[in-house]
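Note that the sequence shown covers residues -22 to -1, 1 to 414 in mature numbering (1 follows the signal peptide of the UniProt record, and there is no 0).
Calculated from the structure, these hints are not laboratory results. Backbone N, C-alpha and C define an ideal beta-carbon position, used for all residues, glycine too. Treat the hints loosely; a few may be bogus.
To be verified - Straight-line C-alpha distance at most 27 Å; calculated DSS-like pairs for lysine-lysine: (1) 287 with 72; (2) 53 with 121; (3) 145 with 257; (4) 199 with 311; (5) 409 with 53; (6) 253 with 311; (7) 187 with 414; (8) 121 with 104; (9) 232 with 257; (10) 333 with 104; (11) 121 with 333; (12) 150 with 232; (13) 72 with 104; (14) 333 with 253; (15) 88 with 257; (16) 232 with 339; (17) 187 with 356; (18) 333 with 88; (19) 18 with 409.
As the list claims (entries may be wrong) - Cβ-Cβ distance ranges computed for the label pairs, FRET-style: (20) 145 with 88: 41 to 49 Å; (21) 9 with 74: 24 to 32 Å; (22) 306 with 387: 43 to 51 Å; (23) 408 with 90: 41 to 49 Å; (24) 389 with 88: 34 to 42 Å; (25) 97 with 332: 42 to 50 Å; (26) 256 with 74: 23 to 31 Å; (27) 332 with 9: 23 to 31 Å; (28) 230 with 356: 18 to 26 Å; (29) 74 with 324: 31 to 39 Å; (30) 397 with 267: 21 to 29 Å.
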Amino acid sequence: MFKRTLLLGAVSVAAMVSFAHAETLTIATVNNGDMVRMQKLTEDFTKKNPDIQLEWVTLEENILRQRVTTDIATKGGQYDVMTIGTYEVPIWAKQGWLLPLDGLGADYDKADLLPSISDAVSVDGKLYASPFYGESAMVMYRKDLAEKAGVTIPEKPTWDQIADAAKKMTDKSTETYGICLRGKAGWGENMALLTATANSFGARWFDEKWTPQFDQPEWKKALTFYVDLMKEAGPAGASSNGFNENLALFQTGKCGIWIDATVAASFVTNPKESKVADKVGYALFPTGGVENHGNWLWAWNLGIPAGTKKAEAAQKFVSWATDKAYTELVASKEGWANVPPGTRTSLYANPEYQKAAPFAKITLEAMTAANTSKPTVKPVPYTGGQFVAIPEFQGLGTAVGQQFSAALAGSVTVDQALQSAQALTTREMTKGGYIK
């Protein structure tokens, strides 16, 4: 008995010592559904790594971007792992702000990453962030409402076909809106949608000499179409709606058509969360008269700031959250349809996933069709799909997004919004030395 008590005491003391010396990783992440799910599953990580504790900072998308950008640029050292996008990774890596991920372990299998996503988060062949989920954009629509309205949405629709269907699906007396699109200002909120939409109308942000193009007819056509359609067939207060707000509207049966990130598909088809889970159809991002389906390509990734003092522990966490074993963990708890999509080739070859995820085929087709090195039909000096891959875009995109959100709200006209966008973008690009 004495020996057993002594042994238990020794174990207890060892556990206390281990806890006392545990490293705490502070992880900044976005409040999207896949990240919320990850937090609920992290007991699996802490059991395997009892010497590492996790502290979460979960933020709305625009606020997250502001906080992590400020912290990494000032070397604040507030976070050990950051959730960042494909826009930031190459820019920050070249600035020396991110650590290369060369300690992810033998099981990580970098070769399994989808080439388009792997390329987007690598610089000179080195991985600087690990993709948690990847996405393009697509049309999600209510098959029952389409049938009731007598409309058909083809797999490769035009914007005119979408507008016709949305107007016929709208019944404002029952708060059923034909279409839900992002209106909340932000370079990664409404400007992600509107840049992709403009691309699909043949517009571009800049010509080959970096001259802004908001005074050109393609932008006027795209923005006028968007504002008019949302006024006629969209929900009230749309200028305040981003990804999460539109997701909630669609899940509660208030939207006929939602055009947004492909990652949303698992949430709108989850019967635990969506009233319309068995009624959803899919199509590629629309075109507006040119052969360009928006060229949206994005991934939310986990990166490690160069200022962290806990790089080894941080890489262990990043590896856990983004390797194939995590996918299997989510599948065991939530079902294959709910695993993080868009990062690994093996997932799209998995028959269990193909069976569980009716959106898998169109998601992969949309992602592989995106060409971020040639995002527009006219020549441009930049890369990117729904964004322009230059450091200034974060500020520019948000400023222009505010103008376009105001046009949607009706506080300025489309012409006024475009004139303001042209003026402020010209000013900033001249100040930045792009325009000589």
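Outcome of the hint check:
1. For the given pair, residue 287 sits about 20 Å from residue 72 by alpha-carbon distance, which is consistent with the 27 Å threshold.
2. The straight-line distance between the Cα atoms of residue 53 and residue 121 is roughly 50 Å, outside the 27 Å bound, and the hint therefore fails.
3. Taking the CA atoms of residue 145 and residue 257, the gap is near 19 Å; set against the 27 Å cutoff, the hint holds.
4. Between residue 199 and residue 311 the CA atoms are separated by roughly 46 Å; this puts the pair beyond 27 Å, and the hint is violated.
5. For the hint pairing residue 409 with residue 53, the CA-to-CA distance comes to about 25 Å; that is within 27 Å, so the pair holds.
6. With a C-alpha separation of about 21 Å, the suggested pair residue 253 and residue 311 falls inside the 27 Å cut-off, and the hint holds.
7. Between residue 187 and residue 414, the direct Cα distance comes to roughly 9 Å. Compliance with the 27 Å bound is thereby established for this hinted pair.
8. At most 27 Å may separate the alpha-carbon atoms for a hinted pair to count; residue 121 and residue 104 exceed this at roughly 44 Å.
9. The straight-line distance between the Cα atoms of residue 232 and residue 257 is roughly 13 Å, inside the 27 Å bound, and the hint therefore holds.
10. A hinted pair counts as satisfied when its Cα atoms are at most 27 Å apart, and residue 333 with residue 104 does not qualify at roughly 34 Å.
11. For a cut-off of 27 Å, the pair hint linking residue 121 to residue 333 stands: about 19 Å separates their Cα positions.
12. Pair hint residue 150 plus residue 232 holds up; C-alpha atoms about 10 Å apart against a cutoff of 27 Å.
13. For the hint linking residue 72 to residue 104, the alpha-carbon distance of about 11 Å falls within 27 Å, and the restraint holds.
14. A hinted pair counts as satisfied when its Cα atoms are at most 27 Å apart, and residue 333 with residue 253 qualifies at roughly 21 Å.
15. A threshold of 27 Å between alpha carbons decides the hint, and for residue 88 with residue 257 the separation of about 36 Å lies outside it, so the pair is violated.
16. Using a Cα cut-off of 27 Å, the hinted pair residue 232 and residue 339 holds, with the two alpha carbons roughly 26 Å apart.
17. At roughly 13 Å between alpha-carbon atoms, residue 187 and residue 356 fall within 27 Å of each other, so this suggested pair holds.
18. Distance hint between residue 333 and residue 88 is fulfilled; the C-alpha atoms sit about 25 Å from each other, no more than 27 Å.
19. Taking the CA atoms of residue 18 and residue 409, the gap is near 46 Å; set against the 27 Å cutoff, the hint is violated.
20. At roughly 47 Å, the beta carbons of residue 145 and residue 88 sit within the given window of 41 to 49 Å.
21. A beta carbon spacing of about 29 Å between residue 9 and residue 74 agrees with the range 24 to 32 Å that was offered as a hint.
22. Between residue 306 and residue 387 the Cβ separation comes to about 45 Å, which falls inside the hinted range of 43 to 51 Å.
23. Judged by the Cβ atoms, the range 41 to 49 Å given for residue 408 and residue 90 holds: they are separated by roughly 45 Å.
24. Taken as a hint, the range 34 to 42 Å is violated for the pair residue 389 and residue 88, whose Cβ atoms sit roughly 48 Å apart.
25. Between residue 97 and residue 332 the Cβ separation comes to about 25 Å, which falls outside the hinted range of 42 to 50 Å.
26. Taking 23 to 31 Å as the suggested C-beta distance range, the pair residue 256 and residue 74 does not conform, at roughly 50 Å.
27. Hint check: residue 332 to residue 9, Cβ distance near 29 Å, so the stated range 23 to 31 Å holds.
28. Under the hint 18 to 26 Å, the C-beta atoms of residue 230 and residue 356, about 40 Å apart, miss the expected range.
29. Under the hint 31 to 39 Å, the C-beta atoms of residue 74 and residue 324, about 33 Å apart, fit the expected range.
30. For the pair residue 397 and residue 267, the supplied restraint of 21 to 29 Å holds, since their beta-carbon distance comes to about 24 Å.
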